[in-house]
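J.: First to last, the sequence lines map onto chains A, B, C and D.
14 is the number that this note's numbering gives to position 14 of the first sequence; each next residue is one higher, with no gaps.
Just add 1000 to wherever you are in the second sequence, counting from 1, and you've got this note's numbering.
Just add 2000 to wherever you are in the third sequence, counting from 1, and you've got this note's numbering.
Just add 3000 to wherever you are in the fourth sequence, counting from 1, and you've got this note's numbering.
The set of hints was computed from the structure by calculation and includes no laboratory data.
Quick reminder that beta carbons are idealized off the backbone N, C-alpha and C, glycines included.
Mixed in with the good hints there might be a few duds.
Stated by the list, open to error - Residues of chain B placed beyond 12 Å of chain D at every Cβ, according to the derived structure: (1) E1090; (2) V1267; (3) D1314.
As the list claims (entries may be wrong) - The calculated DSS-like cross-link candidates involving lysine-lysine, where the alpha carbons are at most 30 Å apart (straight line), are: (4) B/K1295 - D/K3053; (5) C/K2259 - C/K2038; (6) B/K1295 - B/K1155; (7) C/K2304 - C/K2050; (8) D/K3053 - A/K53; (9) A/K162 - D/K3164; (10) B/K1038 - C/K2164.
Protein chains: 4
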Amino acid sequence: MNFGSDNQYGVDPRILQAMIDANARLTDTSYCHDDGAKQVDDRLSEIFEKQVKSFLVVNGTGANSLSLSTITPPHGAVFCHEGAHIHTDECNCPELFTGGAKLLALPGANGKILPATLAERLTHFGHGEHGPKPSGLSITNATEMGTVYTPAEIKALAAVTKPKGMRLHMDGARFANALVSLGCTPAEMTWKAGVDVLSFGGTKNGGMLLEAVVFFDTALAEDFLYRRKRAGQLVSKGRYLSAQMLAYLKDEVWLENAKRANRLAQVLAKGLAQSNRVRVTQPVQANEVFATMPKATFAAVEAKGAHFYDWPLDGIGADEIHCRFVTSFATPEAHVEQFLTLMREVA
Amino acid sequence: MNFGSDNQYGVDPRILQAMIDANARLTDTSYCHDDGAKQVDDRLSEIFEKQVKSFLVVNGTGANSLSLSTITPPHGAVFCHEGAHIHTDECNCPELFTGGAKLLALPGANGKILPATLAERLTHFGHGEHGPKPSGLSITNATEMGTVYTPAEIKALAAVTKPKGMRLHMDGARFANALVSLGCTPAEMTWKAGVDVLSFGGTKNGGMLLEAVVFFDTALAEDFLYRRKRAGQLVSKGRYLSAQMLAYLKDEVWLENAKRANRLAQVLAKGLAQSNRVRVTQPVQANEVFATMPKATFAAVEAKGAHFYDWPLDGIGADEIHCRFVTSFATPEAHVEQFLTLMREVA
Amino acid sequence: MNFGSDNQYGVDPRILQAMIDANARLTDTSYCHDDGAKQVDDRLSEIFEKQVKSFLVVNGTGANSLSLSTITPPHGAVFCHEGAHIHTDECNCPELFTGGAKLLALPGANGKILPATLAERLTHFGHGEHGPKPSGLSITNATEMGTVYTPAEIKALAAVTKPKGMRLHMDGARFANALVSLGCTPAEMTWKAGVDVLSFGGTKNGGMLLEAVVFFDTALAEDFLYRRKRAGQLVSKGRYLSAQMLAYLKDEVWLENAKRANRLAQVLAKGLAQSNRVRVTQPVQANEVFATMPKATFAAVEAKGAHFYDWPLDGIGADEIHCRFVTSFATPEAHVEQFLTLMREVA
Amino acid sequence: MNFGSDNQYGVDPRILQAMIDANARLTDTSYCHDDGAKQVDDRLSEIFEKQVKSFLVVNGTGANSLSLSTITPPHGAVFCHEGAHIHTDECNCPELFTGGAKLLALPGANGKILPATLAERLTHFGHGEHGPKPSGLSITNATEMGTVYTPAEIKALAAVTKPKGMRLHMDGARFANALVSLGCTPAEMTWKAGVDVLSFGGTKNGGMLLEAVVFFDTALAEDFLYRRKRAGQLVSKGRYLSAQMLAYLKDEVWLENAKRANRLAQVLAKGLAQSNRVRVTQPVQANEVFATMPKATFAAVEAKGAHFYDWPLDGIGADEIHCRFVTSFATPEAHVEQFLTLMREVA
C-alpha cells in the first residue's frame, strides 16, 4: 500500500523493453545526437501540433532549472507558487543553473496562482535596477496539490506576463496526468495558452529517466546544447533516453498510464471521503489526493503497512495531520481497496 | 569498426539484467536512499579497503564537477592537465558547480603532469588575494592520452600538493582500465597514494549511467547530499543506478571488461605499428591508441567504414593526421582484425 | 526639502577632510593593506569590546552579500524579512556572492521578524536535501521601517537559530541610528546578543563609501581577503576608505550624526501626527518616518518642492498613499519646519 | 622612490577638488543617476566621436568582469593573454560575474597576443557543446608588460574574432598611457579597430575610484543597469564618481598625467639601460619598465629605500631577478634621478 510517491514505483515494461531493444545495437551515436533523439523531436512536434525543439535531460530538477535559465537573466526574477517544486524541492538548483536569479513565491489556494495575485506583486517592481527584473512565471501542471490549470486559466496568467515581456514556463512533471484530466490537446494546454517552454516529464508516469525540455518559442533554445552540457544534464549513452521517450509516446502509453493513475486517485478520494474522520482538502484532478485525518489514524494505518506522507497545510487541528496520497501507473488497484478497508477498520 | 569512443557501445548484458531485476520490485525508496545505494557504499569500501563515502551520480561530468566543488572554494584554483576532460570537454560545468573556481591548465607529455611542472607553477601564487587560492589538483587515470599514472607518480604529485593544503582529485572515467593495466590494488592507486576524492566511472566500461563520487577523506563529503541534489545529479528512481553499480562490481565484471578493452588496444597498437605510414604517439597503457597516419589513409579507411576521430597534437606533418582509437568491453575482436587488414589494403 | 533618502545627502566635512589629509601622503600601501586599515580594525575592536576582524568594502550591497557568503553554502537558505534590503533592493547580489543560496522572506509587523515566525517556518525543513539547508538569518537594525530590534529581541531570534547551527547576520546600514536610539553599547546590540557578522554602514550617516564587514565570529573571516577581491569589493587606493572610517569613528562623529538624524525624524513625526489627514504607521525609532496621506496632499507638497517616496503598505485606502521620509545628518532643520508648514498650508 | 605601482600614489588635486566641489551640493540624485553621470556619457561620446553608453563603476576588476559578462554567456570562453590582469589578478571575479565562463590564456611576447596564436587555438573548438563556446577576446592596452597594441594590431585581432561572432573587450586600466604613446585618437584605438566594450580606467592615472565601462556596441549595454547593481558595483553617492570622471576628462588632465608618467618611464629606462648589469626586457611604450638585474643589486637598492616588485619571466639567470617599475602622474622626477644614482652607486 504505497502512496508515498509515483517515483517509488518502477518502469513500465514497455519502456523497459525499448531500452533492452536499444541495447541490441552494437554502437550508436553518443551524447544525445542519436537518431532516436531526432525521432523524439519529430514525435513531440506531432503531438504538440507545432515544430518544437526538444532536448532530453536527466531529471525533472534539471529540466526545470535549465528551462528557467532560458527565460531569466541572472539579474531577473521568476515568480512561482510558494509550494512549487522549483522553490521547495530542488535545493537551489534553479538558482544555480540560472546564475542566481530569484524565485519569488506567490500564495494561492489549491496550488494555483491567480492572475490578480501576480499582477499585484508586479506593481512592486517599478524602482529600476534595485530589485530584480521580472522575467518569468513558472506554473506546474498538474500542480503540487493535485489540481490542474485549465487552458483558460493559463491564458489569463499569460495575459499578465506577456505585456511585461515575461516568459511562461510550465513544470510538467505530471503533464500527462493534467492532460487526460483536462481532456484538451497538448497544444491547448501549452503554447496555445501562452507557454513558452515546458518541462515534459515522464519519469513519474512509467519512465526510468524520462524528461525533456520542450521549446515552443524555439528562439529560447539557442545555445541550449551548451546549456545542457554545462549543467551536467547530457548523458553519453543517449540512446537509452530516446528509447524511453519514444516508447512512452507510442500507442498512447503515456495517456493510458496517466488515466490509470488518475482513476485510482478518484477511487481513493471517494473512499476516503466516506469517512467522517477524513476531509479531502483539494479538488482531486490528477493523481494525488490530499486529506486530513486524526493523527491516531495516521499512526494506525502506517503501522499496518500503509505508506504515505504528511504534508504541511495551514489551519488544521492540533490532533489532525494533513496527508498526501499519490497513485501511479503501477499502483495495484487492490492496494487502494485494501487501504480503504484498513481506514474503515481503524476507525 | 567503431573506435570512436567506448561510450558509443552499449550496456553489458549482466548490468542490464540487474536493471531488469530491479524493476521486479513493485516499489523502492527513491532519491538514492534505496538499500542498493547502501550496498554500493559497502562494496566500494570493501574494494578500496577503507570506509569510504560514495554517492551515485548521473554522469562523469557531474561526478568530476561535484568532486571539484568539494575541494576548492569559488575563489580557488584547481590545476589539471591542459588536455583534461574537465578543462576541454565539460563546457564549464566545473566552473558552474564550483561557483566559478578556475581550472589552471598545465602542459605535460603523454597526458601526464610532472610534479616539477606543478611546483614551478605554484611559485607564481605568492601575491595574496589577487590571484585565486591554489586549492586542488585533478589528475585523470587512465589519462586522456591512454597512459596511466603509477602509484609512485601520484605520490610524487601529492608530495607537492599536500604541504600546500591542496586536495587531490582523480578523474576515473577509465579507472578500471588503469587499474588492470597497473596491476595494483584500488587502494594503492588512490588513497594510499594521496587521492582525496575519486570520480569512479563505469559508463564507458559497460554501464548505462554508472558513475559515483567516492570520498576517501570523508570530511569532504559533508553536505554532499545537498550538493548532489542542487546540481541536478540526483535521480528519483535510484534503484536503477545502484543496480548497475552492484552488478558492475560483482564477480569481477568491471575488471574483466577493462582487461578485454585494454587487450584489444594492444592488438590494435601492435598491428598499427607494423605500418611504416603510421606512428603510434603515446605509450598504450589502457584502452586507447593514438597514432599519426597520412590524411589520405584516414580518408580511405573512413570511406570503408572505419570510425575514429582525429585528435590535436603539436608538431605533426602537414599531410598527416593524428588519430585516437578507443576500444571497449564490447568491441568485437574481429573488427580490430578487419580494421588492421583494411589499413594494409589502403597502403 | 529632501526626505528621499539619507544617501542623497553629501559627506560630512570632517570625513571629507580626512580624505583630503590622506591625499597628502605621496604614496601608501594599496589594496586595503594600508596602516589605516589596521587602525580601523583596532578602533572597531575597541568600540565592540572584542577583537573583531573587519574589512572595508565599497557599499552596503557588497557588505551584505559578502557577509551572507560566509554564513551560507550555495545550497543553503538565509531567512530575512520580506522587506529586507537584501531581498528587495540588491538585485540578486546576495544570490550572486553566495553562489546561489536562497533568501527566504518572512512577514512581520514594523519590519521585524518574530522568533515564532521563524521557528514555524523552520519546521518545514525536515525532508533532507530536497530543500535548501537552513543556514542563516539576516536582520536589519535599524530596520527598513525605521524601527529597531532591542538586544533582547535579537537574543530571542538567536535562541531559534543557534540550536540549528544557523548564523546571524545584521545589516547595519543604519547601525548608528539604531544604536543611539537603543542607548545600549555596540557590543550589546551585536555579539552579546548573538550576531556573528555585521555589515557596518556609515555611508548613509556622513560617509562617501564607508562600509565594513565586521566579524565577531572571526572563524567566518577565513579567506575573506579572497572573497572581497573576488567580489570586486576591493579598491586599490584603500587609504581613502580607511581615512573615512577613522574619521567617522573619531570624537563620536558617527554618534552625533545619528542623533541629529534621529532627532529630526522625531520632529517630523510629531509635526505630521498633528494633521488629521496623516497617519504615522510605524513607531519612529531611528531616522525614518512612515505615514499615509491623501494622494492629493502628496501631489500638492511635491509640487511645492518636497521630495520623498511612496512606499508599499497593505491595507491603505484607495485615495491614500503611504510614504517614507528619511532624515539625515545633514538635513537642515529649517527644511523640516518648512515642510511641516507646507503640510499645514495644503490642507 | 616608489615604483611599486601607480595605484600607490594618491589623487590628482584637480580631481580631488572636483569631489570637494561636488560636496557643496546639499543633495543630489543617488545611485549614479545624477546629472554628472549624464554629462560623463556626453563627454565620453565626444571623446570617442560616437554615441557611447557608459557606466561608472567602482574599480578595474569590476569594470573588466562586468564587461566580460556582456560578451560571453556562462557556457562561453573568453581568450586573453596569459599575463592578463583578468586572468592572474582578479581572483576569479570574471568567472563570478560571467556566471562561470572560462578564460583561456594565450602566450605571446611582450604581453601581446598575435592573431595567428588566437586563430590556431580556435581550431580546437570544433566539437560542438563539449567545450565552451568561443565568445570573446580581451586585450589590455597598455598591456601588463608596458607595451601597446597599435590600431592595426587590434584590427588584425578583430579580423579573427568578428567572423566567428566573438566580441572584443579592451581592458584600459592604463588607457591614457597607451593613447598618448600611440598618438592616435581614442576612436582609432577602440571602436574603429573593432573594440566592442572598454574598461576605461583612470584610477591609476590620478583618480580615486575612477572607472567606467564604455560600450561602443550599445546593444551590449542592455540590462547593464541591472548587471552593475547585481555585481555590487553601484554606489549610492554617485556624484563623487561622476565628479572625478568629469575632472579627469577636462582640460586634458588625463592626457597630461599619462604623458608625464610615460616620460618618466623613458627616463628610467634610459638610465637603467646604461648599466651593464641591467637588461630592459620589454619595449617601453607606456609607464612601465621591466628589467633584469642581479639579485644582489635588487637587495641593495631595496635596502636603500627603493620600492618595486619582482615579476616572473622565463629564462632568466639563477642570480638574476626580473623587476617591474611603474611610474605615475605623481612620481617625483627627482625620485627617478635619485634611483638611477643609487643604481650606479651600488654597482
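J.: Now, for every hint given, state plainly whether the structure supports it.
T.: Results for each hint:
With a least CB separation of 7 Å from chain D, B/E1090 falls inside the 12 Å interface cut-off, contrary to its annotation. Interface exclusion of B/V1267 from chain D stands, the closest Cβ pair being 28 Å apart, more than 12 Å. Residue placement check: B/D1314 does not keep its beta carbon more than 12 Å from all beta carbons of chain D (closest about 10 Å). Taking the CA atoms of B/K1295 and D/K3053, the gap is about 51 Å. The hint is violated against a cut of 30 Å.
Simply put, C/K2259 and C/K2038 have alpha-carbon atoms about 28 Å apart, close enough for the 30 Å limit, and the pair holds. Our distance criterion of 30 Å between C-alpha atoms is broken by B/K1295 and B/K1155, whose separation comes to about 40 Å. Between C/K2304 and C/K2050, the direct Cα distance comes to roughly 50 Å. Violation of the 30 Å bound is thereby established for this hinted pair. Our distance criterion of 30 Å between C-alpha atoms is broken by D/K3053 and A/K53, whose separation comes to about 36 Å.
About 33 Å separates the Cα atoms of A/K162 and D/K3164, which puts this hinted pair outside 30 Å; it is violated. Simply put, B/K1038 and C/K2164 have alpha-carbon atoms about 27 Å apart, close enough for the 30 Å limit, and the pair holds.
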